[in-house]
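K.L.:
Put together the whole structure using the sequences plus the hints.
Listed here are the chains, written in short residue letters.
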Amino acid sequence: MRGGRSALLVAPTGAGKTLAGFLPSLTALAERPPSAERSGLHTLYISPLKALAVDIARNLDAPVAEMGLGIQVETRTGDTPSHKRTRQIARPPDILLTTPEQLALLIAHREAADLFANLSCVVLDELHALVTSKRGDLLALALARLHRLSPGLTAIGLSATVREPDELRRYLVPQAPNPPPSGGEGDPRMESREGSTAPSEGISVAPLPVAPRPPSPGREGESRPAMAELVVVKGGAAPDLRMLDTGLTLPLAGHTAWQAMPAIYDLIGQHRTVLVFVNTRLQAEYTFQELWRINEENYPIALHHGSLDATQRRRVEAAMAAGQLRAIVCTATLDLGIDWGDVDLVVNIGAPKGASRIMQRIGRANHRMDEPSKAYLVPANRFEMLECQAALDAVEAAAQDTPDARLGAPDVLAQHVLGMACADAFDPVMLYEEITSAAPYATLSWEDFEAVVDYVATGGYALRAYERFAKILRGPDGLWRVRDARIAQQYRMNVGTIVESAKVKVRLARGVRGKPGAILPKGGRVLGEIEEDFADTLTPGDTFLFAGEVLRFEGLAEDEALATRAGPGTDPAIPSYAGAKFPISTFLADRVRALIADPFEWDRLPKQVADYLVQQRSRSILPGARDLLVETFPRAGRFYLTAFPFEGRLAHQTLGMLLTRRLERARMRPLGFAANDYGIAIWLNRDVGERIGRETDFLEGLFAEDMLGDDLEAWLDESAMMKRTFRQCAVIAGLIERRYPGQAKTGRQVTMSTDLVYDVLRKHQPDHLLLRAARQDAATGLLDVKRLGMMLRRIQGRIIHKALDRVSPLSVSVMLEIGRERVYGEGADEILAEAEAQLLEEALA
Amino acid sequence: MKKRWLERVRPPFPKTEDAVLALGQRLEKTTKAPGLTLAGETLALDLCGGLWLAAHRTLIVSDLHLEKGSAFAARSGQFLPPYDTRETLACLHEAVVRLDPACVVALGDSFHDARGPERMEPGDRAMVAALQDGRDWVWIAGNHDHAVSEGVGGRYAETLLLGGLTLRHEPTPDAPEGEIAGHLHPCGKVAMRGRAVRRRCFVTDGRRMIMPAFGAYAGGLNVRNPVFEPLFPAGFTAHLLGDGRVFAIGKAMLSKD
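Residue numbers (this note's numbering), protein chains in the order written: chain A, 418 to 1262; chain B, 1277 to 1533.
Just so you know, these hints were derived from the structure itself, not from any lab.
For glycine and all other residues, C-beta sits at the position ideal for the given N, C-alpha and C.
Any given hint could be a false lead.
Claimed, not checked - Here are the simulated SDA-like pairs of lysine to any residue, each with C-alpha atoms no more than 20 Å apart in a straight line:
id	chain 1	residue 1	chain 2	residue 2
1	A	K434	A	V650
2	B	K1532	A	P957
3	B	K1532	A	T956
4	A	K1180	A	A1131
5	A	K920	A	A974
6	B	K1527	A	E1251
7	B	K1532	A	L973
8	B	K1532	A	T860
Said to hold, decoys possible - Cβ-to-Cβ under 7 Å is the rule here; a few derived chain B residues that face chain A:
id	residue
9	S1346
10	A1349
11	F1355
12	L1356
13	E1363
14	A1467
15	A1492
16	G1518
17	G1520
18	F1523
19	M1529
P.N.:
Here it is, written out as structure tokens:
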């Protein structure tokens, strides 16, 4: 790294990689002659978490001050006061620590070229976590700009162990640019190079320096992509990881792990500080409540998840850092990050979902290389025992299943292009070359780039209605400029890729003594926030679990949901509110299928799981590792079809939607379906098993790959998930404005719903950039279409049908999901009809 | 006519991912167009969001908000898809072809702003002219668009009397029986078993009626909002536009936002 070569540093948690990332900079700055003029910003550090940047600054300050290095270290986050921000641009520190969003704002600044001209090093922390999201796309584009502004820049990526380090190595350095089209009329290159420096608003437009492509290590053939060096720090002590076996028989479904609570409580008693990870906020709420119910020793046990009030979360974090807590029940909010005090045990409740995810979590215990991290996996049902075993095997083999590299999102690119116009006039050909030097956008075609520029300028509509309102304009010199300061201001308000769903505060209301049912509207404290979508579905009297208590929803007042504490012993009636639900990784799913298929492996499983598989084999069939088992059976006057693709909940929900459509068309009268991580169950009015037996190719046709064609398109058109995805793309690309927390709600007659925009756009211009962006997201995001496609290809010719006269052991697991989730086969009209019927009853009464 | 009601397959604003599923479970559709009387006049509530007065062969639509998309672009640089005018006119066209009214009344806020007609695309302008061809067309003045009739055909009125009915844009608190107004964009929400459905709706207490907004980009105001209370002191029934038909929902079953 001292040689100025970019590098990826891969090391397990606790290896001190963050400090290592700064070493070259600290050495260079320390060796600077004391008399030397400060030459501006030397090193930039980017972290996914604001808190992490602040924490690192604190950790750097001490050694820098102790050694009298005279190096200035500062942070720049959303909390930095504006006078300091202004000063940081005029007189930058040696080292600046910030986030991807703040970097995007910095490179869009008018002074960006000066600010970064002498930047010699950029350090990207927790790179593995950043690159899998749109934030990673935004950062990649900013990095491409930095490489251009400061040729010879060294990029250092810090990462936990990943499956494909080469993807991160490419991410760090400029890729060979795509050639834009040349020759012919209207060649943008010719056009744009003619005009030289047309001043705009008093600022001279000098072409940006083109970064020379540094020769990449080991680049012999022209086709080899450029990559940063790779430095791997081997892991220290192997983790001490076990599955918690309470000896109790686990249920076939459910995720609460209630049987394990006393055992987990004992573990808390035996350790200094325990991190209890769960997969959803609902599980966090439940676990927290259960642990306190049996907390006879009154251990300080805290709760931490994304819906809780921020000040409450900060309090928990501070208490933990101070060593005042014995346990924290948390969701993925604590996956990354800060060196949290003295954690000596990690407990992961529920399915691990991914091998890399679980390793990251285990790493949160014992931040020291030489001691093993200690962790327990706690399965909540028998299927999760299989998944836990697969994860144990994967950790033992140090196998990784981090996701594939992303294809850069068009909506993020649109945001970036507007930002670049805010920084300075841009030449489209040079900007295109710069953008395609960023790994996620390396394959972007010139046509797609032009479509993005067109979108930024006038919305990208076939109907050229907005030409005269254009946000960016192309001058006679061929350069694009932002229209006015107002547009630049709009850009600054909209920067970033994290689109929070609208939330409402939950406030504790007080009941009026002696008047049951009456409440005092204000005065109680705010417990946190719930998604507006969830609040929408509540009716007064509904009980739900929140902030560690069972609450009774009393109604909405202005922007707040009012709730009272439900009486003791009340069970929450409303099952869940939206929270992160990760599907099982492809890799773990493969291992689970292989475990099931190979009876010689069963010895290693807990006996109750092995027994369960034996029962399944005797009553039905156990599918091979690559097969799809489909079972049909009658039950209580209905007919059921179950299938076990093991592709995760999201892909199964999409599959369920598409299969019910097809069964509807085949006149089998499906009524609804339920899905979990392992399989789906569909219930019908007609005997689907008989039909499969009678028509030889019925089943193959049902699962044929072409369901991802028209059926998918038709469903996507009206899918609420698709609308949500579209909304996120529209916000990122600046089509609609962000709603900020605390911003007054203007009433819905003014804030038009994005759904209306979606409906109109897909009807009149289905190939619009933002619809393409939304479909690209749907492929890997909420709908997991890509994974469904892989599964449909895998099972061709390998579908095994078993007609049964009753439910099999395997099918019971997914049947138990019925009723736990919303029933999908229930249209809006059914709900309206039921409400209407109540009016009739009133009239007749 | 009744048969045509059933043939209408494309709902104006499909809202739910599940609408198409589990049709086997779907309840029998009523074959009767929901009708009611107001000041002695018989009104049919059309699924498109319009009101059909068969005795007068008159179709009333409210709050078209034409050129709302371009108004956003002109005012704030938000480039919403510029197809809202076309979409609204297409829905109106469908209703006009089906019902063949002798008169169409646009109940105010027909354009999103006073300069809307200037920004309208020639093709959309031609579509308005085609709709007006051979029938009486009345633009009622709204609060967004006073006097819009110039250059867009039809005639212009502050209020219109039709039989026992008074048609005006903004509902008046002490109106005599038989007022039909728009302006408020009523929407009703039904929440049940962890699901919520929010739809545009007609609101009536048998004395007056407030119509849903017809425009593709027109948002909605929940009927439980306090502004509706003085207008309906004795309560109301909301008629929500479903996917397949219009549903009459009592006030007690409607949720707040």
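K.L.:
Can you list which hints this structure breaks, lowest number first?
P.N.:
8
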